[in-house]
Amino acid sequence: MDDLNLLGPQLALLIGAGLIIIVDLLLPIVSRQAYQGRLPLLSGLALLAAAGSLGWSLALVLTDERGEAFDGMISVDDFTLFFNFLFAAVAGAIVLGSVDYLARHRFQGEYLALILIAAAGMSLMAAGTDLIMIFIALELQAIALFALVGISKNESGSEATLKFLLLSAISTAITLYGMAYLFGLSGETSLDGIASYVANTDENRSALVLAAVFLTAGLGFKMAVVPFQMWVPDVYEGAPTPITAFLSVASKAAGFAVVMRIFLAALGEGLITTDWAYLFAAIAAVSMTLGNVLALVQGNIKRMLGYSSIAQAGTILIGLAAVAAEDPQLLLGTSSVVFFLGAYAFTNIGAFIAIIAISHKIGSDQIADYAGVAKRSPLLAFALAACLFSLTGFPPTAGFIAKIYVFNAAVQADLVWLAIIGVLNSVISAYYYLRVVLNMFARDPETDEAFTPSPYLGAALAAAVVGLFAIGIYPTPLIEASESAARVFS
Amino acid sequence: MTSEVFNVYIAVLIATIFGFVLVGSALIGNLILSPRQKSPHKGVTYECGMLPIGRSRAQVHFRYYLFAILFLIFDIEAVFLFPWAVSFVELGEQAFYEMLVFIGILAFGLLYAWKKGVLNWR
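Chains as they are written, first to last, in the numbering used here: chain E, 1 to 490; chain A, 1001 to 1122.
Okay, chain A solo, but in the shape it has when bound (with noise of 0.2 Å):
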């Protein structure tokens, strides 16, 4: 039983030896015969696009989170809506009516964010 379990398992430790072994070689192989030649040019981050300066730390404005929270309640309805369209008409009525209850209640949400002043940019 347990030698069965193991011969499965073979193949992947073959795959990962050999993985290893050509990694290895091409690094091993690139550092022996590449030639080095060292300029300014190639000590850039990027060789080709913009030069990276100034602070390295973008500042998001924090009240973004707000908005992220809201594309939730989105998110989540749409994740709920792609089955129920599928299904509904099997599902017959009542699976109709608790999707508009569901949605009634994510639109007051939306509502209640608005009316504590959410969607405005302050």
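So that you can see chain E by itself, here it is in the shape it has in the complex (with noise of 0.2 Å):
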């Protein structure tokens, strides 16, 4: 009962799916009417099974209960349970966004049920310490999120999905090819036995580096970086918008979340060097130039959230070359990366959250109608203004701590050329995120009505908007929390 009570805040989470299909299933045979009306009791089923997950992984962080689960299939540590904490909450405000695009929805059960299949399996992957664990968890959100892409059945959702279906079984396969190395040459799946393997042995130096060159590859489908980005643009505008927040913020967390489980656990000791650094330091200063340089030219504000994404996952990427070029950075590096994840989570859920309820009323995804916004809902043009000050670095935001936080890592592993790389790409990116504030407030609409957004989209956005300035304020506790986190790896 103990591995139950480690795995709970995941079990929640897959609990609540199962009841919202029960409920969506059986709810026409008691009564038509109450299924027509049924939207708020599903999504307030998913809500309570979001809220459950936190609520069971507080109270691991309370009564102090770590440990490895299922014979070391899992650990829940402080790594485990930020990540926990971050895709419960994801799950939970992407849920409260997608209530207005549900209601004329034909599959509103199996949508819920996805997305906390979804961060489910995020949460698993974040906790996985056996590579079946994590490729098995690495398949259970990848399966959910194929459905959620397409779920709108339309032509550029369809679009969207095969792509992302298809490019998602190469870089799995990849990432397979990787995982089989690894368990070729040491002869052990768990992360602990690969990694006494790679501290006790010289041979097969080029095998581990091929082995580390596949799992970047394929995890870096998952962290949409450079030169694995391709699908993301697409992927992202056909999707639905709430699917699209989901991806851009929590299957990227998940990507770096494995990345950092596997290279820091298993191949730390030896195969962290300098050449490695330089390689995940050439993919974040290429990820984060050609995702700024994309998104100059967007005109879809999806689009160009996706391209950015790209950048952002690369600014992420300097933290973890950070962890490689010098060893008693660990710490820092490590959680720099923890903590920009957290507060781009709430960045970049904000972001998207004012998207949708902006494009909703507007009835259009192009940068252009956005103008004049400013004048018909005062509020929601200042939630998104915010929302893109902080993915620009501005303070007082979380964006500003956390570009600090990541380059101050990368200056202090010595690589200072990567930190001004990345200060010139945050200065590029001001140009597109300011010129939607700016065509936002300097425009005239075309007409006048006001708009507000629904009580759950405010709601979400709020907490969203809210929690980017109180980590910019006040960011101690975030970085305590990631600090601890990263050093389950030291």
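The hints are simulated quantities; they were obtained by calculation from the structure and are not laboratory data. All the pointers check out, no bait thrown in.
Dumping the calculated SDA-like pairs for lysine to any residue here, alpha-carbon to alpha-carbon at most 25 Å:
#1 A:LYS1115 <-> E:ARG106
#2 E:LYS153 <-> A:GLY1109
#3 A:LYS1115 <-> A:PHE1071
Far from chain E, by Cβ distances over 12 Å, these chain A residues were calculated:
#4 VAL1023
#5 ILE1028
#6 ASN1030
#7 TYR1046
#8 ARG1055
#9 LEU1070
Sample of chain E residues facing chain A (criterion: CB under 10 Å; computed from the structure):
#10 GLY18
#11 ILE21
#12 LEU25
#13 PRO28
A quick note: this is a predicted structure, and the numbers were derived from the prediction, not measured. Ideal Cβ placement from N, Cα and C applies to all residues, glycine included.
Mind assembling these two chains? They're in different frames, but the hints should get you there.
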């Protein structure tokens, strides 16, 4: 039963998903009328599951319950708990952000259940300490996301799903190939076993490097970094906007969590060298630059945020490059990545929910159509502006602290050039983020008709905006949380 | 070291060469020795059996794919049940209940498909 207790946060999500499907299935038998108005009930259940997962994680923190479960398949430590909180909170926010979209949707139950299942999969990805477990978790979230991307069954949605499915399958195969190399060399699937093999042998370096490259390539798809970013703009544009938000925040964070888990826990001894730092530094520099330059010319705000998320992933990778560059900096680099992921979750969820609310009312995703939104809905325009400022990295927002943290890690690890590229890219990104803000505040709208977001969207947006200012002004708790998460690997 | 490795593969090499020679000599011998008589009956696709007349692209109803997916449920169930059936006595009570949960989830999947009308032929 101890194992089940440690798995509680994920089980809460999965049980919630099962309940939602059962209710969705049995409700029409009970009452046709109740079935027509099922959306509040189902979203309430989904929120309850997310809250249950958060509560269980909190209980694990408070009772100081840590340890391995299921014969070393998963490990519940500070790192796992941090991501449990992150994924459950993001899932809750996405459920809130989906209520408007779901109002006229056929597959309400399936949609909400799949979000919870995907969140459970991501959470297990962060918790997995065995290659088999990590792979199953990877598939659990990927398969749920395929269905979510294509759930609206229109032309662009189907195109997005197919691209996502095919490229994801290829990336999974590459990841699996890397895992097979690790298993073939060490004869172990547990990360601990691989770690002790890597630490105690000087043979087969080239095969180990090959495995690391395969894993970087396969998981780079999940993190959406250049050159594995081809799917991002089309899938982000074609998927329902709440799912785009989910992909850009949770799926990306899960990718980073797995990379940190595998590379720092299993390959940390000996393989993390300066060479490896340069590989990550190069990917980071290219991702930031390409993502930002391509975002400059986008007219569709979802595509723009897609490219911007590639650039942000590059910025996060700076932290990972810093981990590798110098051994004593392990803590600073890792914790900067974890902190950035937390701050980025608030920021990007906020930005996407504001876009859902605005686009729903003006009926367009084009940046040009955002002209004068500030005059029609000042609060929404302010919220979106705050999120975009945070993405750029202005004080006093979460994005500012996160970028300082990551750049500081890079400078401490003697990667000054990378930090400079990062700062230059922040300047480039200011142009396209602020263009949206300028469009909203300085231009005149076509109509003066005022609008407000629905209460669900408003609640999620308020939470995100308050969160990003709270982290920006008083970052200590999140910094402490990310440091204790990073300490798992030191 | 390397020469030893290649010594093992010499047998494969010889077998390969021998195979090519055997097949090649049979074909060439056939070409030289066989008498040739052409008749329309020798041109048909199958010497015995039906004449293949009509469109070659037979159509299969796409709804079969749903049945194929449902079949997978039972297929996977069987794949897991066989090793479980061999060893659940040693594994004890826990294994028994785990399998019950697993079958329960699969049964729920079938119930879901049934309720969504997958089993109705429209």
